[in-house]
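Protein chains: 2
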Amino acid sequence: MIMQKIGVQCLGNRVKFTVWAPEKERMQLQLTSPRKQAFEMIKQEDGYFEFVLDEAGAGFQYFFSPNGNNRFPDPASQYQPEGVHGASEVVDHSAFRWEDQDWKGLPFEDLIIYELHVGTFTPEGTFEAIIPRLEKLAATGINAIELMPVNEFPGNRNWGYDGVYPYAVHSAYGGPDKLKSLVNAAHKAGIAVILDMVYNHLGPEGNYFGEFGPYFTDSYKTPWGRAINLDGEYSDGVREYFSENPVFWYEKYHLDGLRLDAIHTIYDNSAKHFWEVVYQKLNRARQQNGRSFHMIAESDLNSPHVVKSPEVGGLGFTAQWLDDFHHASYVLLDNQGRKRYEDFGQTSQLLKAYTDGFVHSGEYVKFRKRRHGASSVGISGTKFVVFNQNHDQIGNRVGGERLSMLVDFERQKLAAAVIMLSPYVPMLFMGEEYGEDAPFFYFVSHSDEELIQLVVEGRKKEFESFDWDSEPLNPQQEDTFNRSKIVWEKQAGGKYKIMHDWHKALITLRKTNPALRNFDKNDIRATLVNE
Amino acid sequence: MIMQKIGVQCLGNRVKFTVWAPEKERMQLQLTSPRKQAFEMIKQEDGYFEFVLDEAGAGFQYFFSPNGNNRFPDPASQYQPEGVHGASEVVDHSAFRWEDQDWKGLPFEDLIIYELHVGTFTPEGTFEAIIPRLEKLAATGINAIELMPVNEFPGNRNWGYDGVYPYAVHSAYGGPDKLKSLVNAAHKAGIAVILDMVYNHLGPEGNYFGEFGPYFTDSYKTPWGRAINLDGEYSDGVREYFSENPVFWYEKYHLDGLRLDAIHTIYDNSAKHFWEVVYQKLNRARQQNGRSFHMIAESDLNSPHVVKSPEVGGLGFTAQWLDDFHHASYVLLDNQGRKRYEDFGQTSQLLKAYTDGFVHSGEYVKFRKRRHGASSVGISGTKFVVFNQNHDQIGNRVGGERLSMLVDFERQKLAAAVIMLSPYVPMLFMGEEYGEDAPFFYFVSHSDEELIQLVVEGRKKEFESFDWDSEPLNPQQEDTFNRSKIVWEKQAGGKYKIMHDWHKALITLRKTNPALRNFDKNDIRATLVNE
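The listed protein sequences derive, respectively, from chains R and S.
The opening residue of the first sequence carries number -19 in my numbering; numbering runs sequentially from there.
The opening residue of the second sequence carries number -19 in my numbering; numbering runs sequentially from there.
Keep in mind that a hint or two might mislead.
All copies of an identical chain are treated as equivalent in the list; a pair is satisfied when it fits inside any one copy or across any two copies.
Keeping only pairs whose Cα atoms sit at most 30 Å apart, straight-line, the calculated DSBU-like set for lysine-lysine is [said to hold, decoys possible]:
| id | residue 1 | residue 2 |
| --- | --- | --- |
| 1 | Lys201 | Lys441 |
| 2 | Lys465 | Lys(-4) |
| 3 | Lys346 | Lys(-4) |
| 4 | Lys23 | Lys319 |
| 5 | Lys261 | Lys84 |
| 6 | Lys288 | Lys201 |
Keep in mind the hints are simulated off the structure, nothing from the lab.
Could you put the whole structure together from the sequences, leaning on the hints where they help?
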């Protein structure tokens, strides 16, 4: 086990509280349950405050009060049973009874990934409700579920990218224990669990980080405002806060990997790059544990550096999403797609996606008003994840339409073959395997009225710029969320069953045909027939 | 010769005008001399406007008028005979009679660099006035002069970092032809010429770049405001504007290298980094020309990536200034230095500077309130330039004192030995070789009253934060500039002659002793005697 620096730790019947606040003079630990009591914490040399409470353990609830003023939840909270504004709760990770001792993880190139939004995957919208469906997924050939972010977010309806506590598990989904139960059950079913994590910003509601320390910097601008402070004054604590996070999920939750959101908006001008630190910490943890752990980047850079190792100047990710593959393929399947992806539409681009990887490797891209990308020729296919749709492509359409609503049945089957028989690691979006046709909308459940107005207006504006001809649904309305739920039972019959069988057959073919398990890009030839 | 895209070109008795303005509809070329005449330029596909004028050549003066509104100097002007606000003038580079055909440049590791400010090096403050002094410099053993920036700046007194035309040669120094004469004479004297260039910002006065295109971005913040736009919309033209600049100086002015100012404030999140583009363009030019060309970075990152090649994720610089060496050495020589360099003062740090390079290689640095740097162990000594003082350390003291005013004569001699016998490339600041004791102040000659006030106040504030006990001189006053001039004749006698002889002897020793020409860091041992 790697020495844990960030967050609360249970040590037998004592609890060690730790919080980083380098510019504060004093810090109070305010216990709220099982009893109300306040304790003055002890400041350490490196900007951390610590306090060890005897006769304490799981379930104890608390706030921190910097300089004796207002009290706020723990920035490294592991559980927020009453939401983003409520007290933090102590979690004892030694209490869970794991039954996955034989689980050693799966090689990345073997994965068939299934992106899943906990809230809309089942009627209950909980971790627990997923468990009975694992068997069916495994039978389909799926061996990895990738959960959209499950960190505590405001209310109980959110894609997860508004999460504010990267160490906490969302209360409405079932909290820490239920996530562990899901991982435990998944491993027993031969399924890996990957978690979507957001290090590029922290959600707007319940974000009390500024009350503790300089987590943000003015040096760089992101779509969400100020960037995370990874290289400015006091950045050491921020770097520790985020760089210890992957190991936390690996060790405490037995996770098999993370998907890192929009890493192109994570800026670090340090001599030792943040991702190199993460890479080294994970390597140490992997050596101790023996289980594999995969780091998947969402990157808008089209840069081969993302998946290269730090030894040759790379960021060290296991793999990255290959958006260009989606764009190239989708626009060929749906002619309407040209409106949205104006730089795609040539069959040769899909060929390039197969043989090279990045389609834009230095060409001028109209959408970006500049040249974009560098070549990924020769980089192994195991370094890229491909998909026909994910939450973004579906949910960022005004109608939230999946591919199944946009192209005919035969084209959907073709699309499935395009990714399943590719030299890349394929990913499905929940329900895609049986041609689910429920929409997937953007939804939130904020409590701050001003923020709700901002989100609704921002959403309208975003769609205007994309020239859609209708108005988006109100993301705050519960119905928008409810309509996004998939209907699992569909797959039992009719066209849904045919599509499900088709996916199963393709996955079987992929798993059993050695030619389809060759990820060496130098062996891939693609030829245009009857253009 | 590399195809030139940026700026005016003379083609026989025709002149081709080119200007980049991607968002403008129209562009007018307004000739002001030898006659007044306006021409509508022709817009190209990639955001450039072009116009070829017949029967034209060197000396023609002009402005550009975007969208038919106000007129402005050419952003890629090669000569501003009437200053930053005046008309641009056509330069015919084929007209100069070069006599340096035999000059092949010097290997970087052989250089003894001499930093020089044109305006204060001689009473005249011109390129021409430097020429008679080259012989003396060569006799001392100096074989490279590094000119502080000579791009057109406001007025006639400036360190040069307020320059706004990176393709122009400052008028008050003598303009393009006189710089060529200096380079020509230097090469005949066996002296290389390096130019200090600023790509991290453009000066505040005479900065009309925004009238032409999006040269700046809001994505990153620098000490001078918005950063240069190297990765946002329309960045292709900005990247071309700056990346072609080194080759321009290499080919048109026969320069031997550039020193790049504060590269840590030049941000580029592209898949192909700006410096990789520069590296490739320079390599092509070097292959064609056969002469060497050195790129020296000023970097505040303590990152070994700066001097590594792009093939292993580096920025590809020939070398970088080793500030840590200065700090480690200076603080040992002058106890007062501890006030300014609170993280230095241990003899072991100078040892580390000798054996490793960077002194801060990941340690916590109080001044920066964070850990800083990465190790440079094993990186060849040829990758670093060391010095006992440069314009910054002297000019950013409230009294503008050189080392000669701060420590006694024997310590000055020791300091000289510390760099001249080091496994690094040494650099002197003009006059240092004879122990010049004139101050070197910060000076400007802006014409904008508001700006002058800002500079004067900013300067005061900067010094307050450094806790100096006196007020800085007014940078705008001519006397501040005049007092910064060196007195060349001093070196003929007294203590100055002794110091000059000492430098000469050290340089001779360095050049003749094979052990002192070994830059392999693995061979360097440093031992502390009687700490």
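Intra- versus inter-subunit Cα pairing at 30 Å for Lys23 with Lys319:
between (57 Å within a copy, 27 Å between copies)
Alpha-carbon proximity context of Lys288 and Lys201, limit 30 Å
Classified as both; 26 Å inside a copy, 28 Å across copies.
At most 30 Å between C-alpha atoms: does Lys261 with Lys84 qualify within a copy, between copies, both, or neither?
So Lys261 and Lys84 pass the 30 Å test inside one copy only (19 Å; across, 49 Å).
Cα distance capped at 30 Å. Does Lys346 pair with Lys(-4) within a copy, between copies, both, or neither?
Classified as between: cross-chain Cα gap 28 Å, same-chain 54 Å, threshold 30 Å.
Status of Lys(-4) relative to Lys465 across identical chains (alpha carbons, at most 30 Å)
This pair counts as neither: shortest intra-copy Cα distance 41 Å, inter-copy 64 Å.
Measure nothing new, just compare the shortest in-copy and cross-copy C-alpha distances for Lys201 and Lys441 to 30 Å and report within, between, both or neither.
both (20 Å within a copy, 27 Å between copies)
Consistency note: the structure conflicts with earlier hint 2 alone.
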